[in-house]
Amino acid sequence: MTDIADTAGVAPPIVRPRQLSPEAAQARIRRRYRAERRFKAIGLLAVLTALGLLALLLSTIVAQGYSAFMQTNIQLDIFFDPATIDPDGARDRQELARADYTELIQDALAKAFPTVEERRERRALRGLISSGAPFQLRDMVLDDPGIISTTQPVWLLADDDVDQFWKGFIGRDVPEDARRIKDQQIQWIDALASAGRIDLKFNKWLFTNGDSREPELAGIWGAVVGSFYMLLVTLALSVPLGVGAAIFLEEFAPKNARWVDLIEVNINNLAAVPSIVFGLLGLAVFLNLVGLPRSAPLVGGLTLTLMTLPIMVVATRAALRGVPPSIREAALGIGASRIQTVAHHVLPLALPGIMTGTIIGMAHALGETAPLLMIGMVAFIVDIPDGPLSPSTALPVQIFLWADSPERAFTERTAAAIMILLGFLIVMNAAAVFLRQRFQIRW
Amino acid sequence: MVTRNVSLWYGEKQALFEVSLDVAERQVTALIGPSGCGKSTFLRCLNRMNDVIEGVRIEGEIRLDGEDVYDRSVDVVQLRARVGMVFQKPNPFPKSIYENVAYGPRIHGLAAGKADMDDVVEASLRGAGLFEEVKDRLEAPGNSLSGGQQQRLCIARAIAVSPEVILMDEPCSALDPIATAHIEELIDELRRNFTIVIVTHNMQQAARVSQSTAFFHLGKLIEYDDTDRIFTNPKESMTQDYITGRFG
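These protein sequences, in sequence, are chains Y and G. Heads up: the first sequence runs through residues 2 to 444, numbered per my numbering. Heads up: the second sequence runs through residues 31 to 278, numbered per my numbering.
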């Protein structure tokens, strides 16, 4: 070019490339290979450590919790004495529901252990059976009043102390004053065992009952229903708000405006706020200012909506960005308005991404506990909630409450509830992955 | 369409310098020039597609049938129904073939009912020379067609809204020679009913297809004349250099 033209005829100096001696070159190559191997080894180690810790966590929980799915039951021959439960023979449902079935159990126990005379001993004998057992009998009678005046062998729920002993958590060698179950009770249990009248049955009460002071009667159903209503409210609010905000920011807002940047920064910052602060907000605004009912899933849902919003917005924006601009151009070129372009073309194509983001957001919300502390969902609530406005608790909160309870039987129940919660989360995340795979549109 | 002194800026950078051009009715006008000379930018001004790009500023006049298209009272949506566009890479909607063509008439309310819409779709597909090939699979997705067929589908989609002008931005550059030949035949037929402005990189295509040709260079309109004259006896030396392949 110009240099060559200027120096008219004089060739430019030749610069020889520098070279390494063969030994130095080999050394460099060896060092590079070693560095690569080291890097791969560190990566592998990191992955294995993470997997190992995860496996440790899961196996600990499962080992502690699997025993809660079986429950000790004691079989007694119950005579459904009409004199006790249906004196006038009318078979009136209301009367049957109100009758005292405890007596039936006491009679059956007296017949099974005729040598027990003294008052204190008889009380200890009754203590073998759960206080919820009379309700089992009541349900049997209401289902089929024909069993009145008959004798039926019934598997009744045992008290939690018996249950823990039978499962082996309370050793026989522990001194008597260090355990709640007494030696005499152990004798009776052995007698029942040799008659084949004590056994582990599937613990369906864990799944169908609400919370209870008695561990053998405690179940997660109340918490599950509460969580369900809460998620429903969160879904109903965060999806329109999140998707709407994302569509506005992505499609309609001017790109370079200051105020748009401000909005974006603030929405992203919402994700960084500690979750308990949302609880305080819920307390201040939803409970005190607006006056919504305390402990209601509605309030929990509102609070969690604020927490899920940034996730929804970010996921939706990513999904919208994944739609190629050529589709938008084609739609605009044919005379579609902005709104028509977004509604008819962009949104349907972004839907898989939005669905995935929604499911992940909901999975997040399901596992949150701290925000619910302040708004009163950390409460001992026995009834199953029947709507978003009735007092309830949530599954992670239930776990927290059970972990706090003193009875031995709650240890395994806490772990079992954790397993159930993890089960829900795994199912939700698997659904998200499946949907993403299935509806992915390939250009 | 008539343009007078059209200038365009992308932010601070000027891309078009006072382009004045008259587009003749029911004819094919070709815009040729080397890469980056502003022909696609100019084309997109005609149906205001540059509005969607941030930071674009336009000065000058562009008139369609005497009305200024950049006037405040003009509805952009209606304008784009009158001035349609076919893009470089075929971009059918990810819907069925029928839906692709029916979408435009539906949103502009051009069809009275199902039977009417069927007629419109059939007429547009025939107009694009595609009907015979797809008539028994109208519910198949638009993307299942070959490249050339997809481009013809996009042309059918554009003519379904009965535009006055069709803008084509290098419609054949992503297609093989046989598909290109089909599209060029199609353009020749379409010019009986529509005004067509086509941007092309391929000079021979411009010579084959158009009646008037405009040569752009670095944002300026260098020469605009009948195609025959441009390719045999151009007035400007730069045009001559470009056509004979000295640069570009």
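Watch out, some of these pointers could steer you wrong.
Stated by the list, open to error - Just the calculated beta-carbon pair ranges, DEER-fashion:
{"hint": "1", "chain 1": "Y", "residue 1": "Gly245", "chain 2": "G", "residue 2": "Phe47", "range": "51 to 59 Å"}
{"hint": "2", "chain 1": "G", "residue 1": "Glu163", "chain 2": "Y", "residue 2": "Asn267", "range": "48 to 56 Å"}
{"hint": "3", "chain 1": "Y", "residue 1": "Leu263", "chain 2": "G", "residue 2": "Ser65", "range": "33 to 41 Å"}
{"hint": "4", "chain 1": "Y", "residue 1": "Ser338", "chain 2": "G", "residue 2": "Glu91", "range": "39 to 47 Å"}
{"hint": "5", "chain 1": "Y", "residue 1": "Leu242", "chain 2": "G", "residue 2": "Phe47", "range": "46 to 54 Å"}
{"hint": "6", "chain 1": "Y", "residue 1": "Ile340", "chain 2": "G", "residue 2": "Gly96", "range": "28 to 36 Å"}
Stated by the list, open to error - Incomplete in silico selection of chain G near chain Y, CB under 7 Å:
{"hint": "7", "residue": "Glu84"}
{"hint": "8", "residue": "Val86"}
{"hint": "9", "residue": "Gly90"}
{"hint": "10", "residue": "Arg110"}
{"hint": "11", "residue": "Ala111"}
{"hint": "12", "residue": "Met115"}
{"hint": "13", "residue": "Asn121"}
What the hints assert, rightly or not - Once the Cα atoms are required to be at most 16 Å apart in a straight line, the calculated EDC-like pairs of lysine to aspartate or glutamate come out as:
{"hint": "14", "chain 1": "Y", "residue 1": "Lys256", "chain 2": "G", "residue 2": "Glu152"}
{"hint": "15", "chain 1": "Y", "residue 1": "Lys168", "chain 2": "Y", "residue 2": "Glu408"}
{"hint": "16", "chain 1": "G", "residue 1": "Lys119", "chain 2": "Y", "residue 2": "Glu408"}
{"hint": "17", "chain 1": "Y", "residue 1": "Lys168", "chain 2": "Y", "residue 2": "Asp200"}
{"hint": "18", "chain 1": "Y", "residue 1": "Lys256", "chain 2": "G", "residue 2": "Asp148"}
{"hint": "19", "chain 1": "G", "residue 1": "Lys144", "chain 2": "G", "residue 2": "Glu129"}
{"hint": "20", "chain 1": "Y", "residue 1": "Lys205", "chain 2": "Y", "residue 2": "Asp140"}
{"hint": "21", "chain 1": "G", "residue 1": "Lys125", "chain 2": "G", "residue 2": "Asp146"}
{"hint": "22", "chain 1": "G", "residue 1": "Lys119", "chain 2": "G", "residue 2": "Asp105"}
No lab work stands behind these hints: they were computed from the structure. Don't be surprised by glycine CBs; every beta carbon is placed ideally from N, CA and C.
The hints, checked one at a time:
1. Between glycine 245(Y) and phenylalanine 47(G) the C-beta distance comes to about 43 Å, which lies outside the given range of 51 to 59 Å.
2. Taking the beta carbon of each, glutamate 163(G) and asparagine 267(Y) are about 54 Å apart, inside 48 to 56 Å as hinted.
3. A C-beta distance of roughly 39 Å is found between leucine 263(Y) and serine 65(G), which places it inside the suggested range of 33 to 41 Å.
4. Judged by the Cβ atoms, the range 39 to 47 Å given for serine 338(Y) and glutamate 91(G) is violated: they are separated by roughly 25 Å.
5. Here the CB-CB span from leucine 242(Y) to phenylalanine 47(G) is close to 48 Å, well matched to the stated 46 to 54 Å.
6. At roughly 30 Å, the beta-carbon separation of isoleucine 340(Y) and glycine 96(G) lies within the given 28 to 36 Å, and the hint holds.
7. A least Cβ separation of about 5 Å between glutamate 84(G) and chain Y falls short of the 7 Å threshold, and the interface hint therefore holds.
8. This hint is violated: valine 86(G) has a C-beta 12 Å from the nearest C-beta of chain Y, more than the 7 Å allowed.
9. For glycine 90(G), the interface hint is violated, since its Cβ never comes within 7 Å of a Cβ in chain Y; the closest pair sits about 22 Å apart.
10. With a least beta-carbon distance of about 4 Å to chain Y, the hint placing arginine 110(G) at the interface is held under the 7 Å criterion.
11. Below 7 Å, beta-carbon pairs count as interface contacts, and alanine 111(G) has one with chain Y at about 4 Å; its hint therefore holds.
12. With 7 Å as the threshold, the beta carbon of methionine 115(G) comes within range of chain Y, its nearest partner Cβ sitting at about 4 Å, so the hint holds.
13. Because the smallest distance between the Cβ of asparagine 121(G) and any Cβ of chain Y comes to about 4 Å, under 7 Å, the interface hint for this residue holds.
14. The suggested pairing of lysine 256(Y) with glutamate 152(G) is violated, with an alpha-carbon distance near 41 Å, which exceeds 16 Å.
15. A threshold of 16 Å between alpha carbons decides the hint, and for lysine 168(Y) with glutamate 408(Y) the separation of about 15 Å falls inside it, so the pair holds.
16. Between lysine 119(G) and glutamate 408(Y) the alpha-carbon distance is near 70 Å, which puts this suggested pair outside the 16 Å criterion.
17. Note on lysine 168(Y) and aspartate 200(Y): the hinted pairing holds, with a Cα-Cα distance of about 10 Å set against a maximum of 16 Å.
18. At roughly 41 Å between alpha-carbon atoms, lysine 256(Y) and aspartate 148(G) are farther apart than 16 Å, so this suggested pair is violated.
19. The hinted pair formed by lysine 144(G) and glutamate 129(G) meets the criterion: a straight-line CA distance of about 12 Å does not exceed 16 Å.
20. Proposed proximity of lysine 205(Y) and aspartate 140(Y) is supported: the alpha carbons are some 15 Å apart, at most 16 Å.
21. Using a Cα cut-off of 16 Å, the hinted pair lysine 125(G) and aspartate 146(G) is violated, with the two alpha carbons roughly 20 Å apart.
22. Our distance criterion of 16 Å between C-alpha atoms is broken by lysine 119(G) and aspartate 105(G), whose separation comes to about 27 Å.
Hint compliance for this structure: hints 1, 4, 8, 9, 14, 16, 18, 21 and 22 are broken, all remaining hints hold.
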